[in-house]
Amino acid sequence: MRKFEERFFKVLMILATIIILGSLFMILVAVVKRGLPAMSWDMVTKIPSGGFYLGKEGGLLNAIVGSLYLVLGSTVLGLIIAIPVVIYINVYLPKKSFLADITRLSADVLFGIPSIVYGAFGFSLMVYFGLKTSLFGGIIAVALLITPILIRSMDEVARLVPKDLKDAALSLGATRYEIIRVVLKQISPGITTAILLSIGRAIGDAASVLFTAGYTDSIPTSLSQPVATLPLAIFFQLSSPIQEVQDRAYAAALILTLIVLALSLAARFYSSKFSKNKI
Amino acid sequence: MNTRLLKSENIIASSMNNGKDVFLLEEGAEAQVRTLLLQKTKLDLTAPHISVKNLNVHLQKKHVLKDVNLDIPNKAITCIIGPSGCGKTTLLKTFNRLLEQSVDVKIDGHVFVDGEDIHDKNVEIINIRKKMGLLSQRPCPLPMSIFDNIAYGPRIHGNRNMKELSRLVENYLKAAGLWDEVKDRLHSPANRLSIGQQQRLCLARGLAVEPEIILGDEATSALDPISSKKIEELFVELKRDYSIILVTHTLRQARRIADYVVFMYLGEVIEAGSADEIFNNPQKELTREYISGAFS
Numbered sequence: 001m002r003k004f005e006e007r008f009f010k011v012l013m014i015l016a017t018i019i020i021l022g023s024l025f026m027i028l029v030a031v032v033k034r035g036l037p038a039m040s041w042d043m044v045t046k047i048p049s050g051g052f053y054l055g056k057e058g059g060l061l062n063a064i065v066g067s068l069y070l071v072l073g074s075t076v077l078g079l080i081i082a083i084p085v086v087i088y089i090n091v092y093l094p095k096k097s098f099l100a101d102i103t104r105l106s107a108d109v110l111f112g113i114p115s116i117v118y119g120a121f122g123f124s125l126m127v128y129f130g131l132k133t134s135l136f137g138g139i140i141a142v143a144l145l146i147t148p149i150l151i152r153s154m155d156e157v158a159r160l161v162p163k164d165l166k167d168a169a170l171s172l173g174a175t176r177y178e179i180i181r182v183v184l185k186q187i188s189p190g191i192t193t194a195i196l197l198s199i200g201r202a203i204g205d206a207a208s209v210l211f212t213a214g215y216t217d218s219i220p221t222s223l224s225q226p227v228a229t230l231p232l233a234i235f236f237q238l239s240s241p242i243q244e245v246q247d248r249a250y251a252a253a254l255i256l257t258l259i260v261l262a263l264s265l266a267a268r269f270y271s272s273k274f275s276k277n278k279i
Numbered sequence: 280m281n282t283r284l285l286k287s288e289n290i291i292a293s294s295m296n297n298g299k300d301v302f303l304l305e306e307g308a309e310a311q312v313r314t315l316l317l318q319k320t321k322l323d324l325t326a327p328h329i330s331v332k333n334l335n336v337h338l339q340k341k342h343v344l345k346d347v348n349l350d351i352p353n354k355a356i357t358c359i360i361g362p363s364g365c366g367k368t369t370l371l372k373t374f375n376r377l378l379e380q381s382v383d384v385k386i387d388g389h390v391f392v393d394g395e396d397i398h399d400k401n402v403e404i405i406n407i408r409k410k411m412g413l414l415s416q417r418p419c420p421l422p423m424s425i426f427d428n429i430a431y432g433p434r435i436h437g438n439r440n441m442k443e444l445s446r447l448v449e450n451y452l453k454a455a456g457l458w459d460e461v462k463d464r465l466h467s468p469a470n471r472l473s474i475g476q477q478q479r480l481c482l483a484r485g486l487a488v489e490p491e492i493i494l495g496d497e498a499t500s501a502l503d504p505i506s507s508k509k510i511e512e513l514f515v516e517l518k519r520d521y522s523i524i525l526v527t528h529t530l531r532q533a534r535r536i537a538d539y540v541v542f543m544y545l546g547e548v549i550e551a552g553s554a555d556e557i558f559n560n561p562q563k564e565l566t567r568e569y570i571s572g573a574f575s
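Chains as they are written, first to last, in the numbering used here: chain C, 1 to 279; chain H, 280 to 575.
By construction, these hints were calculated from the structure, which means they are not laboratory data. All residues carry an ideal CB built from backbone N, CA and C; glycine is no exception. Treat the hints with care, as some may be off.
Listed next, the in silico SDA-like pairs over lysine to any residue satisfying Cα-Cα at most 20 angstroms (straight line) [as the list claims (entries may be wrong)]: (1) C:Lys163 <-> H:Asn470; (2) C:Lys95 <-> H:Leu378; (3) H:Lys354 <-> H:Lys409.
Cβ-to-Cβ under 8 angstroms is the rule here; a few derived chain C residues that face chain H [what the hints assert, rightly or not]: (4) Asp164; (5) Leu165; (6) Ala169; (7) Leu170; (8) Ser171; (9) Gly173; (10) Gln186.
Isolated chain H (complex conformation) (with noise of 0.2 angstroms):
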């Protein structure tokens, strides 16, 4: 990295605590920062976080993924593209194990999460889930209170200590961007809160099990631009922190924050490789067909 880029990052680490620098820059350099923001991450594959190996998956019958062999990179936005039906969500529910919820599932082959076989006999469930936390479509708070939702997972994991809970629940909070909008009004119930909200809320109760992985089932389809947008930038400043994983239907969100992009057609992977290489240069005559609109 040259010079000029380490300065941009002290600009961009100081905006991130206070998020209204940003707008107080000048013009050039806010344009400056976003392109920093965007900055993809540089892959290392070679210890990949999630390892899928050989994954059969068959839901009520049906073939729903057909050996799925994927690495998926650590500390960086990886998006599963394809066209609905393809399997996207499925495979994304195979990485924490939700999927056993549904009826009639066999599950052949393995995923292998910082290199343990989460289908093992002797994995604990609940450590896998712990692990990763899960945004789903649409933001689903817990009929509690603000506070009393991020601080659940903490608390069925043991932590009862009231003075450590606050703590948390303001650091996730921030982590989240929501700190600011909910700080005086934390015992109101959750699902008072806007959509857009609640959806960061969903994240920082997911950050505050503290996962390694963060797992998004289309987390911004349901929310208004502006809203996604702030998820979104969330999501690139994690990727410092956590490896995520999102389910996404928006090409253009793939193009936006994906490091490593995954196209997957008929429960099969098409292809798998970084955003520059899937998006400018396709191997694959299906994913040039798909990423050039020619069908969703």
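Chain C extracted, bound-state conformation (with noise of 0.2 angstroms):
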């Protein structure tokens, strides 16, 4: 009897760990088997002719190239936030600090936030500043959400900083500012998984980006123009009842996860590099 529970409990592990890793096996082959016959060297070099809801012609590049400037300016966006937070709770303020215990709690319940409620904070503050929906308004709600990510994935690393390697750099004669340089040297591994990770996060996320960034089928040439995005190209274009339309969705679709997956296992390749280096 007990053999037989030993082996019932084995087989129902097997099968979820089965369960896991075959879900990530199917959707790489959906995402494939439907994506890549729509990819064409049209799709990620024309942006959609005759409007992206009906428009039968054109391809991605609107939204391949709208994602990477929103990326882009969240990240720098967010990281002008984050490192300072990052420095001031682990370089100026004491190892048991009740500040810097409340700073790491926020920024784990805004973590914990769901993205569409960034997406309506954005919002409400774009119709207060009397901001239509642009690159700018969609770069301030993806900043807000990858703000939490950064700071804690940042943390986590600056706090395995050992107070030898301060009390090291300060009886060399070093300044306060001497030392951030050195502390950010010792981090810039996890800065760059940070990084990796919350642009991960950025690409992928659609709820955020509706009500701020908008969607169009061009390229924006200014922060005050609308963006589009390659979540919200897969949510608009898979509506639509035309296939050539339907087929763009899958696109977008495999671009994304080929993007996302590729930062994962970058970040991974990086913390796993870090973890070694580690004294």
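Take the two lone chains and join them into the complex the hints point to.
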């Protein structure tokens, strides 16, 4: 009887593992199966003509470039906020600091807020300031979304910096500013990982850009113009009755999946490299 | 000093220039060299390098250092001994004002370095720290190459001349006995070195800011016996030019290399004196007990 139990649970565990591995595999298969035939040179080099919802011609260049603009802008903006926070709570505040704990807790809470809420919040900000849906609005909403991720993942690494390192630099006569440079250098692999993770999140998020960045057929030439993104390219075009437009949605899904896959593999590679270098 | 000792001193001088020579000497001579290497410096306490007057330190409302009065001799090895938690490290960290980095610290009293009160308002804290090189328990290389580790101190103090930096790096790596082991890989990351090498790297890095004093906080306790022996020998060489203050847990180490010994217990300096006095003829009962190993 006990032998049966043992085997029963072992089979259960194997089954669960297969489900996980299987679902990743199935998703990849489904995306590739529908996306790959739709892929063409035009798909990645042309913007849609005749409207993204009804036009049969053209490709996804508007969404690809739009997503890159958005991700670049929001990551830079996110880092400008996150790095000072991480430095402040790890270099300036003492080890057991109430303020640092509160900051970490807030970042955790922000991390858990659904992205549609960021979208709604960004939208209400834009209404308040009288802005229309635009690249700028999208960058702000996505920056709000990824800043907590940046803070928490950099903080995890910055907390591991030994006090001895700061003492060593101090006893060589370093100033606070020079210590910050040493600490940043020490956590630079962690910063890279954090950036890759948050890019992965930012590029795949549809809800936060829905109200803030809008959608368009063209590539924006200024911050005040609306911008297309890959997730919304899927969202809008999949519901079209026209086959060619639906194909564009699957091609967008394939491109997005490949980008996110590459980013998470890169993040993994960097973080494992970093943990080997730890003292 | 008699002529025989002078002769031996020459042998040491040449052996310092070329580490191999020591092993080429015949047995007797080598033993002679070793005894001389461990020759205690004659102490001169008329002009102490560091002088502590009525120092009281409270850490998080705890009275950690109680009315410490102490003179640290110039160009000699001073070992601070005592059981764990008696305030040795705190005292050491007061010297280069690193203690102020901790939370809730209250420091009363005076610490004079070269006759200058380091807690004086007009004193530049960076100049105080520059005067002292610190070796911590575990070596802590900066996240950069071997070369940049040594060059870090000179660089932040304004030396940007690459030629001069290369010269400094070579000099101080040689002084720390590390040059031959790393000269072919100066630009590889410092944390790839073994832990014993890292500690010598930290010593070289400290020397590169041209301090007058070397502080060691149990600098050999994380090292293997051979590495810690190397560090000890370096200290003995370096005391010609530097005042060295070591916090140590190992009484044997203090016996081997100390010229001056400070015994602390529960935040107080119980007794301070030459190594000979403390180890062979301690005045206080507590010191006697600690030295004999009755408690540790």
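task = Check each numbered hint against the structure and report the violated ones by number, ascending.
result = Those not satisfied: there are none.
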